[in-house]
Amino acid sequence: MLTAQERERYDRQIMIQDFGEEGQEKLKKARVLIAGAGGLGSPAAIYLTAAGIGSIRIIDHDRVELSNLNRQILHWHEDRGKSKVESAREKLIRLNPDVKIEAIRDTLTEATIDHLVSDCNLIVDAMDNLPTRYLLNKTAIEKNIPFFHGAVYGFEGRAMTIVPGKSACLRCVYRGVIPEEKFPVIGVTPAVIACIQATEAVKYLVGIGELLINRLLVYEGLGMQFTELRVKKDPHCEHCGQATRKE
Amino acid sequence: MSITVNIHQALRRITNNQATVEVAGSTVGECLTELVQRFPDIRSKLFDKKGKLLNYIDIYVNAESSYPEELAKPVKDGDKLSITLMLAGG
Chain U
1 MLTAQERERY DRQIMIQDFG EEGQEKLKKA RVLIAGAGGL GSPAAIYLTA AGIGSIRIID
61 HDRVELSNLN RQILHWHEDR GKSKVESARE KLIRLNPDVK IEAIRDTLTE ATIDHLVSDC
121 NLIVDAMDNL PTRYLLNKTA IEKNIPFFHG AVYGFEGRAM TIVPGKSACL RCVYRGVIPE
181 EKFPVIGVTP AVIACIQATE AVKYLVGIGE LLINRLLVYE GLGMQFTELR VKKDPHCEHC
241 GQATRKE
Chain S
1001 MSITVNIHQA LRRITNNQAT VEVAGSTVGE CLTELVQRFP DIRSKLFDKK GKLLNYIDIY
1061 VNAESSYPEE LAKPVKDGDK LSITLMLAGG
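Chains as they are written, first to last, in the numbering used here: chain U, 1 to 247; chain S, 1001 to 1090.
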């Protein structure tokens, strides 16, 4: 049941056809994990907090550095040296005090992931490296948790929604590994991609629209083009297939 | 037989800033062979030393992944190949 204040706060989205108070109540009941409080995690967290998600758990092990500030918009100049999740929590609770923000400074590993994803309805992939993305993808499939992927490089970004049992997963699309490296990026690119991830998360929770499943959306900011690549569930995928894929 | 290869942004310095290159071939592999003949520096960006496609490169044919056939996947006149690189940044 929404309060009078919630009805007023979310009035414009409640007005959306097929959204309504029922949709808002679904958001209020949701528990969302945002893996990463950086370039993608910042705008994703801001828009999901503004939308009225009931509970957001944000995980990151890093501290804020000056070189983060061109894109990680939850962190400001005076936050340098502070833990990213604490910096994020401070801003998000000021944006919307009704949302429960759980800030966890930790690293997602094989040893920690079960505990860190527990009780979550969905996972937003806002990581900066492939091994952790693969770990999240695998865990999401094992635990039947929808997984909202996004990645960026320069002016380019990609997004895809993974619904376990219904769609191709990240490992169906990406088979290799790339070395962890400092990558170029302009802040607007993760903003575009994270907003797509947040849109997908809201649609999934409310139960409206058509999800970005079996479609890898490619955003190319320099040419200002969105392209859709069709992806298929790989029966031999080592995460979601029935047999282990040969590399 | 004309196939259009869309060159990923990160590789366009090698193709003299051309976003697309027209090649001929009846498979993905043949098309990429011509691309390498015309722009030799692109070889190391696409293939390992044994000539296998690098595992962080994916070739899409008309917006559909060529995996698992990859280089053996047949193509026909008018097809569009896209060279994509895995992204991991966040």
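By construction, these hints were calculated from the structure, which means they are not laboratory data. Think of the CB as a built atom: it goes at the ideal place given N, C-alpha and C, for glycine as much as any other residue. Some hints here could point you the wrong way.
The calculated lysine to aspartate or glutamate pairs, modelled on DMTMM-like cross-linking and capped at a C-alpha distance of 25 Å, are [stated by the list, open to error]:
| no. | chain 1 | residue 1 | chain 2 | residue 2 |
| --- | --- | --- | --- | --- |
| 1 | U | Lys232 | S | Glu1064 |
| 2 | U | Lys29 | U | Glu78 |
| 3 | U | Lys182 | S | Asp1079 |
| 4 | U | Lys203 | U | Glu78 |
| 5 | S | Lys1045 | U | Glu181 |
| 6 | U | Lys232 | S | Asp1079 |
| 7 | S | Lys1052 | U | Glu181 |
| 8 | S | Lys1073 | U | Glu180 |
| 9 | S | Lys1045 | U | Asp98 |
| 10 | U | Lys91 | U | Glu210 |
| 11 | U | Lys100 | U | Glu86 |
| 12 | U | Lys143 | U | Glu210 |
| 13 | S | Lys1045 | U | Glu210 |
Derived, one-sided and incomplete: chain U residues facing chain S with beta-carbon distance under 10 Å [stated by the list, open to error]:
| no. | residue |
| --- | --- |
| 14 | Gly54 |
| 15 | Leu130 |
| 16 | Gly154 |
Against the structure, the hints:
1. U:Lys232 with S:Glu1064: holds (9 Å)
2. U:Lys29 with U:Glu78: violated (34 Å)
3. U:Lys182 with S:Asp1079: Since the Cα atoms of Lys182 of chain U and Asp1079 of chain S sit roughly 35 Å apart, the hinted pair is violated (cutoff 25 Å).
4. U:Lys203 with U:Glu78: Roughly 35 Å between the alpha carbons, so the hint for Lys203 of chain U and Glu78 of chain U is violated.
5. S:Lys1045 with U:Glu181: holds (16 Å)
6. U:Lys232 with S:Asp1079: Roughly 19 Å between the alpha carbons, so the hint for Lys232 of chain U and Asp1079 of chain S holds.
7. S:Lys1052 with U:Glu181: With a Cα-Cα distance of about 23 Å, the restraint between Lys1052 of chain S and Glu181 of chain U holds, given a limit of 25 Å.
8. S:Lys1073 with U:Glu180: violated (31 Å)
9. S:Lys1045 with U:Asp98: Violated, at roughly 50 Å.
10. U:Lys91 with U:Glu210: The given pair, whose Cα atoms are some 31 Å apart, is violated under the 25 Å limit.
11. U:Lys100 with U:Glu86: holds (13 Å)
12. U:Lys143 with U:Glu210: Roughly 23 Å between the alpha carbons, so the hint for Lys143 of chain U and Glu210 of chain U holds.
13. S:Lys1045 with U:Glu210: violated (36 Å)
14. Gly54: For Gly54 of chain U, the interface hint is violated, since the closest Cβ of chain S sits about 24 Å away, which is over 10 Å.
15. Leu130: holds (4 Å)
16. Gly154: holds (7 Å)
Checked against the numbered hints given earlier, the structure breaks hints 2, 3, 4, 8, 9, 10, 13, 14 and satisfies all the rest.
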